[in-house]
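*Asks:* Could you slot chain B onto chain A? The hints should help.
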Amino acid sequence: MRYNEKELQALSRQPAEMAAELGMRGPKKGSVLKRRLVKLVVNFLFYFRTDEAEPVGALLLERCRVTREEPGTFSISFVEDPERKYHFECSSEEQCQEWMEALRWASYEFMRRSLIFYRNEIQKVTGKDPLEQFGISEEARFQLSGLQA
Amino acid sequence: MKLNERSVAHYALSDSPADHMGFLRTWGSPGTPPTPSGTGRRYWFVLKGNLLFSFESRKGRVPLSLVVLEGCTVELAEAPVPEEFAFAICFDAPGVHPHLLAAEGPAAQEAWVKALSRASFGYMRLVVRELESQLQDARQSLALQHHSSWKPTASCCKPQARNNRSVVLENGHPLSKDCSPVGLVEEAGSRCAGLGLAERELQGPASLLLGRGQSPVSPETSNFSTLHDWYGQEIMKLQQHWQQRAQGRQPECEEQDKP
Chain A
0 MRYNEKELQA
10 LSRQPAEMAA
20 ELGMRGPKKG
30 SVLKRRLVKL
40 VVNFLFYFRT
50 DEAEPVGALL
60 LERCRVTREE
70 PGTFSISFVE
80 DPERKYHFEC
90 SSEEQCQEWM
100 EALRWASYEF
110 MRRSLIFYRN
120 EIQKVTGKDP
130 LEQFGISEEA
140 RFQLSGLQA
Chain B
0 MKLNERSVAH
10 YALSDSPADH
20 MGFLRTWGSP
30 GTPPTPSGTG
40 RRYWFVLKGN
50 LLFSFESRKG
60 RVPLSLVVLE
70 GCTVELAEAP
80 VPEEFAFAIC
90 FDAPGVHPHL
100 LAAEGPAAQE
110 AWVKALSRAS
120 FGYMRLVVRE
130 LESQLQDARQ
140 SLALQHHSSW
150 KPTASCCKPQ
160 ARNNRSVVLE
170 NGHPLSKDCS
180 PVGLVEEAGS
190 RCAGLGLAER
200 ELQGPASLLL
210 GRGQSPVSPE
220 TSNFSTLHDW
230 YGQEIMKLQQ
240 HWQQRAQGRQ
250 PECEEQDKP
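Chains as they are written, first to last, in numbering that gives the first Met the number 0: chain A, 0 to 148; chain B, 0 to 258.
With the rest of the complex left out, here is chain A (with noise of 0.2 angstroms):
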């Protein structure tokens, strides 16, 4: 699958919600525990090697699985695959917990659910569309039907 690397390593370069220096370990067997620099921009996990300036790779958070391990350790996974898993230390047990809520609310499809309930909430107190204002409140995306997974 060809994809646009120019720009999703500028977008690596944006403001990030959350970046520290983790150990990280990947999904293959026999993997060693390196010390990445990660940041997390939008709902992409970028890591980078501790002293360069673009990142190794890119961790797409769609449809993701955030599971604590041993202490101050949490695991990625996916859906389609839940035993792959890539590991990340962190430095205390506060640091795990800060990087497993962030990543927790960090994909598009949590906001569309966040989204699709307040537009919900809101036309149950006032009766009225919140969306409307904005012209938006055809587009699919903002669709109650798109909760019926």
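You may find that some hints are simply not true.
[Claimed, not checked] Listed below are the simulated SDA-like cross-link pairs for lysine to any residue, each with C-alpha atoms no more than 25 angstroms apart in a straight line:
id, chain 1, residue 1, chain 2, residue 2
1, B, 1, A, 14
2, A, 123, B, 145
3, B, 1, A, 83
4, A, 5, B, 116
5, A, 27, B, 9
6, A, 33, A, 18
7, B, 58, B, 108
8, B, 113, A, 83
9, A, 84, A, 55
10, B, 1, A, 123
11, B, 1, A, 134
12, A, 5, B, 72
13, B, 58, A, 1
14, A, 84, B, 2
15, B, 1, A, 86
16, B, 1, A, 18
17, B, 58, A, 139
Simulated from the structure, these hints should not be mistaken for laboratory data.
*Replies:* Then chain B, alone, in the frame of chain A:
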């Protein structure tokens, strides 16, 4: 640069709703300089979130290409062949050429330009925050209208400051824009176990406000945090309901998304 392509492809094909789809003509592919000659090639495009995928055909099971749509603008454009309904996705990144695409008619062109312009994560985040604040305003003003029909109920405990976001709330600042409802909720919700299903009626948060002797008119921080706790309960219940419907749940794991 590595990318978790297998997962990305799965997301492209998953049941989660596509935001837009249709046939488009394209000249060149992502990452290559455009060769704007001739009529281009026709592919099936699917927009999901901030990702634009192309497939060989409508039934394609393997995405051919992906354009990540953050930091782009979408403009009407001139096509190499006249009478094409063309538009371009432009990025402000060094060495990046605009992606030229053409729709099958003027309505499709307009729909695609609109859909792509609103595809960014940042846009979605703005809308969510705006609705979040509108809902609070709506609840508050409705609470004022129902002023006389309340009775005090058991008060909800305040969320403890566990991270910066909670602390910001408690220190009397207006609701921080960084606060996501569910994030706060997952902490607060577990502590407000006293709030039962019955209290999901509108009187719930309003009666809490009165019960604690606060004026609903004054924009005190604790009003917001109480409202937030209450919404949080609802969101948590909805989330649990969705998760139970999905494929089964493993203990101690926070599943972020469902198929």
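*Asks:* For each hint, tell me whether it holds in the structure or not.
*Replies:* Verification of the supplied hints:
no.	hint	result
1	1/B <-> 14/A	20 angstroms, holds
2	123/A <-> 145/B	15 angstroms, holds
3	1/B <-> 83/A	16 angstroms, holds
4	5/A <-> 116/B	20 angstroms, holds
5	27/A <-> 9/B	19 angstroms, holds
6	33/A <-> 18/A	16 angstroms, holds
7	58/B <-> 108/B	22 angstroms, holds
8	113/B <-> 83/A	37 angstroms, violated
9	84/A <-> 55/A	17 angstroms, holds
10	1/B <-> 123/A	45 angstroms, violated
11	1/B <-> 134/A	38 angstroms, violated
12	5/A <-> 72/B	16 angstroms, holds
13	58/B <-> 1/A	19 angstroms, holds
14	84/A <-> 2/B	14 angstroms, holds
15	1/B <-> 86/A	16 angstroms, holds
16	1/B <-> 18/A	19 angstroms, holds
17	58/B <-> 139/A	20 angstroms, holds
Checked against the numbered hints given earlier, the structure breaks hints 8, 10, 11 and satisfies all the rest.
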